[in-house]
Amino acid sequence: DSGVTQTPKHLITATGQRVTLRCSPRSGDLSVYWYQQSLDQGLQFLIQYYNGEERAKGNILERFSAQQFPDLHSELNLSSLELGDSALYFCASSKLTGILNTEAFFGQGTRLTVV
Amino acid sequence: AQTVTQSQPEMSVQEAETVTLSCTYDTSESNYYLFWYKQPPSRQMILVIRQEAYKQQNATENRFSVNFQKAAKSFSLKISDSQLGDTAMYFCALLHDQTGANNLFFGTGTRLTVIP
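Sequence lines, in order, name chains A and B.
Counting from -19, one number per residue, gives the positions in the first sequence under the working numbering.
Counting from 7, one number per residue, gives the positions in the second sequence under the working numbering.
For the record, the hints were derived by calculation from the structure and aren't laboratory data.
One or more hints might be untrue.
[Stated by the list, open to error] Listed below are the simulated DMTMM-like cross-link pairs for lysine to aspartate or glutamate, each with C-alpha atoms no more than 20 angstroms apart in a straight line: (1) 75(A) <-> 32(B); (2) 61(B) <-> 83(A); (3) 37(A) <-> 35(B); (4) 61(B) <-> 32(B); (5) 75(A) <-> -19(A); (6) 75(A) <-> 33(A).
[Said to hold, decoys possible] Here are some, though not all, of the chain B residues that point toward chain A, as calculated from beta-carbon distances under 8 angstroms: (7) 18; (8) 49; (9) 50; (10) 53; (11) 70; (12) 97; (13) 110; (14) 114; (15) 115.
[What the hints assert, rightly or not] Sample of chain B residues facing chain A (criterion: CB under 8 angstroms; computed from the structure): (16) 47; (17) 51; (18) 109; (19) 112.
On a predicted model such as this, the values are computed, not experimentally measured, just so you know.
Beta carbons are placed, not taken as given, at the ideal position from N, Cα and C, and that holds for glycine.
Could you build the full structure based on these sequences and the hints that come with them?
This is how it looks when you write it as structure tokens:
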């Protein structure tokens, strides 16, 4: 158990809908990262938050947004869903940011299926 | 731009044997870290081993070791005495510092099967 909690574990929804994925980082971790893993693909970095502020942005679609709340949990919002958005979405957390941080702990992922 | 390439989509090894997974990367940064992550069927991402680019000594964690060739930008993972529980996807990843932010760049993975 990495200490990073993601809910829900599985989600099935229809095209055009909107969903929210939730991530609770490890206790004391200030950084949260979101990654997307499509079928048999590597992980693609979406976005990072550090202590409530957006720190880095990767290949995140405009239909997607995220935020980190004062209690440090984070939510990833996916809207106007398309079939191609079906993927495993990982959250990771770490204590610090920048090169000082060398280890991120991953949650078990949320499997999103768009039908 | 940062890229991580794993040229072996699938590999297999007999139990108790040794296998080496390849990874090459490209970065213009001088300060970076390299990682190998394991993703078993449970889909959890588990850190296997990490290497600081400024260290010449290759990292070792029990049965796992790396061959880090900085000039060649190569970072291979050697698994000794392979066990059935090593069956998983293995991802090579690169971490560098960019304006105080950091995120991992992943390769596309190598699916390793350990054969009894």
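Answer holds if the nearest beta-carbon of chain A is closer than 8 angstroms to that of residue 47(B); otherwise answer violated.
-> 12 angstroms, violated
Are the Cα positions of residue 75(A) and residue -19(A) separated by 20 angstroms at most?
-> Satisfied, since the Cα-Cα distance of roughly 17 angstroms is no more than 20 angstroms.
Restraint outcome when residue 53(B) is required to lie within 8 angstroms of chain A by C-beta distance = 6 angstroms, holds
Could you grab the alpha-carbon distance between residue 61(B) and residue 32(B) and see if it respects the 20 angstroms cut-off?
-> 18 angstroms, holds
Given hint residue 51(B) near chain A, where the shortest CB pair must fall under 8 angstroms | With a minimum Cβ separation of about 4 angstroms from chain A (threshold 8 angstroms), the hint on residue 51(B) holds.
Satisfaction of hint between residue 83(A) and residue 61(B), Cα-Cα up to 20 angstroms | Holds. Residue 61(B) to residue 83(A) sits at ~17 angstroms (cutoff 20 angstroms).
Straight-line alpha-carbon gap residue 37(A) to residue 35(B), limit 20 angstroms | With Cα atoms ~18 angstroms apart, residue 37(A) and residue 35(B) stay inside 20 angstroms; holds.
Is the interface hint for residue 97(B) satisfied, with its Cβ closer than 8 angstroms to some Cβ of chain A?
-> 6 angstroms, holds
Hint check, residue 112(B) versus chain A [nearest Cβ-Cβ separation less than 8 angstroms] | 4 angstroms, holds
Are the Cα atoms of residue 75(A) and residue 33(A) separated by 20 angstroms or less?
-> Distance ~14 angstroms between residue 75(A) and residue 33(A) Cα, so the pair holds.
When the least beta-carbon distance from residue 18(B) to chain A is tested against 8 angstroms, hint result = 17 angstroms, violated
Hint status (Cβ of residue 114(B) to nearest Cβ of chain A, threshold 8 angstroms) | Holds: closest Cβ of chain A sits about 4 angstroms from residue 114(B), inside 8 angstroms.
Hint compliance for this structure: hints 1, 7, 11, 16 are not met, and every other hint is.
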